[in-house]
Amino acid sequence: MTAIELNGLRKEYADVVALDGVDLTVEEGEVFGFLGPNGAGKSTTINILLDFVRPTAGSAEVLGHDAQEEPTAIRERIGVLPEGYDVYERLSAREHLAFVIESKDADDDPKELLERVGLADAIDRRAGGYSKGMKQRLVLAMALVGQPDLLVLDEPTTGLDPNGAREMRELIRQESERGATIFFSSHILSQVEAVCDTVGILQSGQLIAKDSVEGLRDAVQGGMTLWVTLADPASDIGTVEDTVSGLDGASVTETDGDRVAIGCNSTQKMDVLNALNDAGVDVANFETEDQSLEELFTAYTEQEVKA
Amino acid sequence: MSGEGADSPAEARFKQVDDALHDQFTWYPVAKKDFKDALRSKGLWVLAAIFTVLFIAPIAIRLYAEGIGPSPPDGGLDTRFIIEGVYLDLVTVVLPIVTIFVGVAAITKEKTSGSLKLLLSLPFSRRSVIIGKVVGRCAVVAVPFLIATSITAVFMAASDLSLNFEMYTLFVLFSLLFVLVMVAIAVSISGAVSTTLRSVIVNAIFYVYVTFGWNSMANGIGRFLYNDVGVSRSLRWNTVLFLKMASPTQAYKTLVSSMLASFSDNVQPSLQQFANQWNLSWSQLGSQQYSRYSLFNTQGSLFSPGLPAGDKRVLCESVAGGLYQNATLTTNNQTNTVTVTTADGAQTFQNVGNISVNQTQMSSFCTGGGSEIPFYFSDPAVVLFMLGWIGLAAALSYYTFNIVDL
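Chains as they are written, first to last, in my numbering: chain A, -4 to 302; chain B, 2 to 407.
Worth flagging that the hints you see were computed from the coordinates, not collected in a lab.
Do not take every clue at face value.
To be verified - Some chain A residues close to chain B (C-beta under 7 Å, calculated; not the full set):
{"no.": "1", "residue": "Val48"}
{"no.": "2", "residue": "Thr51"}
{"no.": "3", "residue": "Glu65"}
{"no.": "4", "residue": "Glu71"}
{"no.": "5", "residue": "Pro77"}
{"no.": "6", "residue": "Tyr83"}
{"no.": "7", "residue": "Arg85"}
{"no.": "8", "residue": "Glu97"}
{"no.": "9", "residue": "Tyr125"}
{"no.": "10", "residue": "Lys127"}
{"no.": "11", "residue": "Met219"}
{"no.": "12", "residue": "Trp222"}
Owing to the predicted nature of the structure, the values given are computational and were not obtained by experimental measurement.
Glycine included, every Cβ here is placed at the ideal spot set by N, Cα and C.
With the sequences and hints as input, model every part of the structure.
Okay, structure coming up:
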């Protein structure tokens, strides 16, 4: 059975196409990373899954129910960490959870849930005084109520410190082991890479790739950016461009004053530097940068074009 | 949540009711949470205090400062006078302000903060959210209102005033219906707009219009239809009453005033007096008929002569379903008699007193004995008019909240 099934999903706002025919299947039990830059349409997709917005065309099915026809049947079985949420200022964490437990007819213990997200100390404090990270933990605890079959987490690590992000990953792992499907959206590559089995990449309202996380790693390792700082940029810049264009698979992607960015394969790094040296370019400094999300998208789009 | 093993019977009973409501209504947790949230703020208790002062102050001032004593204990006239003279206006002017205050941000606040997303991630339909909000916010107004009216009842019973418990209870119940209608409207407006400020503006316009502008609008439309379109008087006044009943405020006032009239035998004291004096077999209007008839300026006052006789006749007969009757009194100082001529014939009374002049005087009354009040103006219909506003609020919510993107 599939946890999420999107068919030709399209959403138009007044003058923008937010989603442009997205087809996607997330299998039950999968930890699915939904990757894309801000504005790609990730939140729109999630909002359609939760029936916060209605699609212009196409359909969305969650756990076998149509998202628009049976939203409450879906909400009974999912846990959600929405984007742009806020908690109820006057209610404590315990009261928040009691409310969710009552609403979902569950029998969880609020304290236990809060211990899992590391917020047990603040159980009886009003949520209005919580920090951003504490609110995030509280909402995560709310999402865990009733052992949901599907967890929908929209940018769950924003607002968390590195330690919090690590705990979040641990929690996702635990939930996955329990058998839950996890749908996790992020614009940060490393976070998706760290926890997900499968990754979907959304760009400008289109799903440009769906791949296993290994496939993603290959793509990531395949490319990097080499920043070279020139001692004498005025005379050398032309030589750099000529030299690099002579190397297969490498290219100058950007110049910034005395710095030149060279996109290349990670195994090529030394070849590029040697070639520059041979051509008489005076390299004052160099550093490497992992491939950015945008470059990853480019990699995938090019693959698609080639295929 | 409590560690104690055995709950008291009252707690067990409360839990039972709580569970039953939970099983029955999907919106119940939303309403409960909303009410709990309000309990946290001091607002609820401030509201109870304000209501209590507003209810007790007018009667306390009359009793103790102005020294106006209680009327004779005859079937709860005190209660009726206080409700009719003070509370009815108080409730229609103040309660909508309170319901707007309580309901204006019910949805907009959750929309703008984002907590609505948490709420709608739970197994609630949007309809349940709206209904839960309406019920919760109703409780936020109703609880302080009930506290205040209970304290007032105790005060009245302890003072020299006579308290007609049944009349008072009905007044409170009708007021709660009014609260429900006004909260439903305020919350649905809150669901329809994007920000609290907009909700405040729309709610304020609605309040001013309904509370202060509606009657002149109804009368204006009636005048226009009669003067410029040329409809009959009967259609004119039926339309005007219909429009008046369509206002939640007026509908509430009408329900309360016909309830109050139903407690008194002498609905129009002057009619009773006149009929007894001249031995006429005229009956009183029914309480519903009387309250509809007296909604218009049919009595005249110090500042206004009242409506022309032709309009009064139409209001009496075709709107209220009464019988408009004339009595002509002719006095004769030679024979020292008074002749009373009505539709039933003439009667002459001897030795009525010292009659010094010869004169003819005509009096008109709207009496019972005509048809009944038309069903569309009866109390059940007025209740339906009020429920119609809840329907309207539901429709507004459906088209502006249920089926739109958030």
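Do the hints match the structure? See the list:
Hint status for Val48/A relative to chain B: holds, with the closest Cβ pair at about 4 Å, below 7 Å. A cut of 7 Å between beta carbons decides the hint on Thr51/A: the least distance to chain B is about 10 Å, and the hint is violated. Interface hint at Glu65/A: violated, since its Cβ lies 10 Å from the closest Cβ of chain B, which is beyond the 7 Å cut-off. Of the supplied interface hints, the one on Glu71/A holds, with its beta-carbon coming within about 4 Å of a beta-carbon of chain B, less than 7 Å.
Look at Pro77/A: its Cβ gets to within about 4 Å of chain B, closer than 7 Å, so that hint holds up. Restraint check, Tyr83/A versus chain B: the minimum CB separation of about 6 Å is within 7 Å; hint holds. Interface restraint check: Arg85/A against chain B, minimum CB-CB distance 4 Å, threshold 7 Å, status holds. With 7 Å as the threshold, the beta carbon of Glu97/A comes within range of chain B, its nearest partner Cβ sitting at about 5 Å, so the hint holds.
A cut of 7 Å between beta carbons decides the hint on Tyr125/A: the least distance to chain B is about 13 Å, and the hint is violated. Because the closest C-beta pair between Lys127/A and chain B is about 12 Å apart, greater than 7 Å, the hint is violated. Annotation: Met219/A was flagged as interfacial toward chain B, and the flag is violated, the nearest CB pair being 38 Å apart, outside 7 Å. Among the interface hints, the one on Trp222/A is violated; its C-beta lies about 39 Å from the nearest C-beta in chain B, farther than the 7 Å criterion.
Against the hints set out earlier in the document, violations occur for numbers 2, 3, 9, 10, 11 and 12.
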